[in-house]
Amino acid sequence: MAEALVLKSEVRNGLGGRDSARLRKNGRIPAVVYGHKETPANISVSKDDLTSILRQHARTLSVEVGGKNETVLIQEIQHDYLGSTVLHVDFRRVSADERVRTTVDIELKGIAPGVISGGVLDQPLHKIHIECPAMAIPESIRVKIDALVIGQVIHVKELDLPAGVTVLEDADAVVVQVKTAQALEVVAGAEGANEPEVITKKKEKATDEE
Amino acid sequence: MPQMPKRVKFRKVQRGRVRGVASRGNTVAFGEYGLQVLEGGWLSAEALEAGRVTVAQFMRGEGRLYIRVFPHKSITSIPAETRMGKGKGEPEYWAAVIKPGMILFEVGGLPEQSARDCLARVAYKMPFRCRFVKRQAS
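Same order as they appear, the protein sequences are chains E and H. Take our numbering: the last position of the first sequence gets the number 210, and nothing is skipped along the way. Take our numbering: the last position of the second sequence gets the number 138, and nothing is skipped along the way.
None of these hints come from the bench; they were simulated from the model. Note that beta-carbon positions come from the ideal geometry of N, C-alpha and C, so glycine has one too. Don't take every hint at face value.
[Said to hold, decoys possible] Which bits of chain E does chain H cover? Going by a derived footprint, with three or more residues having C-beta under 8 Å, they are: (1) 81 to 93; (2) 114 to 125; (3) 194 to 200.
Work the whole structure out from these sequences, hints included.
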């Protein structure tokens, strides 16, 4: 869990794509603060400050909006199409005693003996939906795979969760398992149709009648 | 054998244009590492199969491969030394329409360096500039 960091912001009056592009050109990121049935505030934050906060894996922070500090949760981060540049951030107002629903990463710890003996580690669940206090969002849920042999599965219900965290996923969902290695087919069979079936193709009888 | 659809509504489709950038299918979703394309165009089913075979030969059953694109589009061509006209050509091959930013292949269950080596070999077979990407933290 990260400490509540403080992020300075400026209220932005110009909205829309052009103003946002101008802001980004000047090293600022457009953002919005909403929630708690208050008026949404359109703000901009420094790109460097935001990058630094994101690097620290902070989930809740304090944003200075018009001289007033608001505790917010990073609700959504929009990236460009390559996923490298932050375009916009949504901050959701939260109170310290509030429970929030969010997603956290699942972090695998250790090396599974099943992998050493030739199995393949399969992780269907990389993120997990949880409900927890806003100020105590875990950075990740750690799963020890030190004892995972081939054919063994770790389900959601078997996870060690920090205090106050409730999982919103299906309890029987598979988090990680070690499967038997199956070589990918290198040369696929040559049989099979050369052309797909055309579902709008007119029947031969109809053409004969014409 | 290269992939193609099992059933289609029409055998031939118009060429179309690849406009814009990928707004979906541009993040690593299933594996740990991916190959992201930086240019747009058509990716033939043969090229996709070549990538798959390359990964299969590299991994030898160690990790998992996810192919994120499918060749849905039939590409027609007119035979050589044919006069113009007489209608549209016959389907020649199948292709996936690729927008910049799309993830073509994902691998999982491999160490990062192995995944980099594996996807570098695949990138060499692709007709686009590609880059190696990792899964983004939430």
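Quick one: see if chain H covers the segment 114 to 125 of chain E, three-plus residues with Cβ-Cβ under 8 Å.
-> holds (count 5)
Against chain H, does the segment 81 to 93 of chain E show at least 3 residues with beta-carbon separation below 8 Å?
-> holds (count 3)
Count the residues of the segment 194 to 200 of chain E with a beta-carbon closer than 8 Å to any beta-carbon of chain H: does the count reach three?
-> With 6 residues in contact (Cβ-Cβ under 8 Å with chain H), the coverage given for the segment 194 to 200 of chain E holds.
In this structure, every one of the numbered hints holds.
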